[in-house]
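The lines below spell out each chain.
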Amino acid sequence: MSFPSQTEEQALHERVLRGDSLSWEDVFRVYLDPLIQTLCRIRRLSREEARDALVDVVLSYLTHPGRFDPRKGRLHSYLTQAAVKKTTDTYRREEARQRREQKFGGVFELLARTPNDSLEITVEARLFMERIDRAGLPEKDRAFLKLVLQGERSTHILAEAIGLPPAPEADHRREVKRHRDRLMKFLGRLGKEDRDVYP
Amino acid sequence: MSTPDWLEHAAKRCQREPLTLGHTLEQYRQLERLSEDALAHELNCTRETLHWMSLCRKPDGEDFRAQVTAIAQRHEVNPLALAKVIRHVEIMEGFARTARDQPEATARLRLAARDRVDGEPKDEETTS
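One line per chain: the protein sequences are A and B, in this order. Every letter in the first sequence is one number past the one before it in my numbering, and letter 88, counting from 1, is 90. Every letter in the second sequence is one number past the one before it in my numbering, and letter 29, counting from 1, is 123.
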């Protein structure tokens, strides 16, 4: 299976430029088999991979035939080069995708805790909560602490939890902050005791 | 010559390329809700012939007739049947374009069409 002569290629290219309907089919008929063989040989691709790339390349040439300049070389060389470039781009895109996935996988692995770690944290958190209960914190403080640990930041809600009477917003904010600081100090002391007991 | 192994894939790929006859044939198949075999039957050809024709550039412009005749002769299909398929798709695409660009024009067209349905009772007759 071989490529047509330069004169035949030139004639076919001119038919494509004129918008001859059958010339499109002829380009497929003339070039696809020898181009698939060439691409498989020089790029070590499977026949399907070469076929997929070449059908796209041939269609790209047919829809934009003006991009091919016959003074610069033969049509089959132009199509081969375009197919090589396309398969290289596809290969690089695939490689980049795999790299991204590996990177993401690595980060995920670093951040994710093992099931054992996760269980230990749950157990420790429960033991710590039991210690807070035993420390004799008033009910309002425990409710406040629970909200803070859940990430609640609204002054209004936190003020309500500790039963502050209606007052201007600034007063509420100051009181809530004072309350939070006191409880954080309490937690700090509890944690220190913990470290003293279990070094 | 045996059928090349790339033909079906290439024909399918051409369905996504608006300048190909394959795109037009696919549009027609969807508009008329035909299977590939039914379309081949309508054009009195084989599925393989449909695939080869799909690779052609869609006939267009001043030499539409000559292009359709050339395709029909090479693939031994009826040129009138092929031209009818292409024109049908072009007309439907034209309607779709109008509907998209001038929605009020198609609304008027629909109203006019409704007025001309024979045998339909008029509004005054149906209201009691």
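Just so you know, the hints here were simulated from the structure itself, not pulled from any lab data. Hints may be right or wrong, so weigh each one.
[Unchecked claim] Derived EDC-like pairs: lysine to aspartate or glutamate, alpha-carbon spacing no greater than 16 Å straight-line:
#	chain 1	residue 1	chain 2	residue 2
1	A	K87	A	D54
2	B	K106	A	E154
3	A	K88	A	E132
4	B	K106	A	E50
5	B	K106	B	E120
6	B	K106	B	E130
7	A	K179	A	E154
8	B	K106	A	D58
9	B	K178	B	D195
Verification of the supplied hints:
1. A:K87 / A:D54: Holds. K87 of chain A to D54 of chain A sits at ~13 Å (cutoff 16 Å).
2. B:K106 / A:E154: Not OK: K106 of chain B and E154 of chain A at ~57 Å, beyond 16 Å, violated.
3. A:K88 / A:E132: violated, 64 Å
4. B:K106 / A:E50: holds, 14 Å
5. B:K106 / B:E120: holds, 9 Å
6. B:K106 / B:E130: holds, 11 Å
7. A:K179 / A:E154: holds, 13 Å
8. B:K106 / A:D58: Given that 16 Å is the threshold and the Cα spacing comes to 12 Å, the pair holds.
9. B:K178 / B:D195: violated, 26 Å
Checked against the numbered hints above, the structure breaks hints 2, 3, 9 and satisfies the rest.
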